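Let's have the full structure, built from the sequences with the hints guiding it.
This is what each chain is made of:
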Amino acid sequence: MAAVATGASGLAALAARFRTCPITGLKIEAAAETLIKANAVAAVVFLAIGGALGLLVALTRWQAVHLLGPDTFYLVLTAHGINALLLWVIFFEVAVLYFASAVVLNCRLATPQLAWVAFLLMVLGSLTVNWAVLQGDSSVMFTSYVPMQASPLFYLGLILFAVGALIAVLIFFGTLVIAREEKTFEGSVPLVTFGAIAAAVIAVFTIASGAIILVPTFLWSLGYVRHIDSIMYKLVWWGMGHSSQQINVAAHVAVWYLIAAVVLGAKPISEKVGRIAFLFYLVFLPIAAAHHMLVEPGLSAEWKVFNTSYAMYLAVLGSMIHGMAVPGAIEAAQRARGYTNGVFEWLRKAPWDNPAFSGMFLSLVLFGFLGGISGVVLGAEQLNIMMHNTLYVPGHFHGTVVAGTTLAFMAVTYLVLPVIFRREVMFPKLARWQPWLFGIGVAGTSLFMLGAGTLGVSRRHWDITFADAPLGFEYPPTAFLMLGLNGIFAILAAVGGALYIVITGASVLFGARVGPEGPKTPITAAPAAAGVVGRYGSAGTLHLPGTYVLVAVFFVSFVLYYFVNWRYLSELWPMG
Amino acid sequence: MAETSEGEAPKRIPFMQRLLDNPFLLLFLGVTVPTVLYLLWGVMELSQIPVAR
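Note that the protein sequences, when read in sequence, are chains A and B.
Residue 188 in my numbering sits at position 188 of the first sequence, and the numbers go up by one each step.
Residue 9 in my numbering sits at position 9 of the second sequence, and the numbers go up by one each step.
Think of the hints as simulated: they come from the structure by calculation, not from any bench.
Among the hints, erroneous ones may be present.
As the list claims (entries may be wrong) - Using 25 Å as the maximum straight-line C-alpha spacing, the simulated PhoX-like pairs for lysine-lysine come out as follows:
| # | chain 1 | residue 1 | chain 2 | residue 2 |
| --- | --- | --- | --- | --- |
| 1 | B | K11 | A | K272 |
| 2 | A | K37 | A | K27 |
| 3 | A | K27 | A | K520 |
| 4 | A | K183 | B | K11 |
| 5 | A | K37 | A | K520 |
Note that the structure is a prediction, hence the values are computed from the model and not measured.
Structure below.
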């Protein structure tokens, strides 16, 4: 009898740790909720730092402004890369992993105490690496190629951060086990959670590669290891450096599905096909790191061509499937709600005044057209020779990581605020503008860096006029125009980014609390359907004429741009 | 194994579904394939470069 009473009180205590979200109907555990909040807040803090530093970089590369001196420029560029490419996205991704497991699957988070240890290690690592960079003796940039040597604290900070992130990823897998054991879901996990699994798997490979290369480099900086081979370092480092951006891709695609589900009640066109696309990601996407090694001697043509032109393209196929599946899911949901006139009524009458939706859709379009197409061009060995180590590379990853990932994470924040922080979004009119300002700004920076890179402008170069160099070189005037336009659009992106920081910060600190009836400004166009985010199931229709037109526009652009670059290549070495 | 009511033959779960429903198998695949194709293959090729004298 006593055992029954104890069991009943245990169940009651367990139930008391959960609340039911009035917006999605999902059960949210208090410990998971607090950890999601902590990681999301840390992410936004590092985005603010990384974004501000990015503006300084762009204003320095704008030759007419040329804001920073050379030493400060390389310090700021290093800190910008670390904060924006690593700390912001990984902290946010940990929040996404906890959300996609504990919240979407209605279960408790595995070992919350250990999750706090992971969080503290990540914070300690972040502060350490930033401290090391600010000392001025670790301006080795994000890639930290040897034989350039940073202070030991730089590598130690990265290692601490990586250990914390690895623990968080393992907690995610532990939470999946709990959800299955406690039967908090039926059948297969929903696609949002499956996308998070892909992100977590890539994270394990990323962190393992980081451990293989950063631990000996740390010992080298302390003097315990005599020599690190520079090309071997580069190979293994990109296993971490590029794959860390692939965690982003898998995570932000999962976020696209999540936003479409919560805002419109959209189900994937086909869960099976969506899962296969994520399978392509988790197996082949990390291999795309090979495009950074395409001009290196010592690696065979077989290694280069197989890893880029074969394996990487299977990951690209995954992206193209998602690129059709997400607008397709939205179209199917909108048509089911009665927006069936013509080809595009579903799109015209989409909830564009909801920043979660507009940010997600912009992220989808910009990621595909800018980040995606330029990635395929960089992955073709022959074309790569024109753009390798030029501004084309930052142009590409500002299309993927900033226009794609950062914008998607900004968009989902407008759902996280009422669902997890239980706060109304403050300044709703500004919030409507925010994704557009940031998205257009970042699209411009990506586009003009791609343009400057096509003209051969080096990345990471303080002064392309070569003012006091013994051997001069003149870039065409268009290159200077490109860098000027890059600077102007960077200011626009910085305004959009600052608005995001102000809106989220003010909402978390001063926003009105969301009551049991849900937020005053509705965030779901189909409130009763928002719960589909937590269920496995497909839309069950292929009547998607608008999506087919969008996909056709994408393919035509893709083919034209690809062949334009082959034309450029034919002009690289004039014959005769 | 899918649950069945009495008298029914057990439902056969397709291979791909079983693969995709097992996160630890996915973890194995996702770590092994890039490790072999990118890291190990690359390291083997680089380690064959003769040391300059």
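Do the hints match the structure? See the list:
1. The straight-line distance between the Cα atoms of K11 (chain B) and K272 (chain A) is roughly 18 Å, inside the 25 Å bound, and the hint therefore holds.
2. Using a Cα cut-off of 25 Å, the hinted pair K37 (chain A) and K27 (chain A) holds, with the two alpha carbons roughly 16 Å apart.
3. Taking the CA atoms of K27 (chain A) and K520 (chain A), the gap is about 21 Å. The hint holds against a cut of 25 Å.
4. Taking the CA atoms of K183 (chain A) and K11 (chain B), the gap is near 19 Å; set against the 25 Å cutoff, the hint holds.
5. Taking the CA atoms of K37 (chain A) and K520 (chain A), the gap is near 21 Å; set against the 25 Å cutoff, the hint holds.
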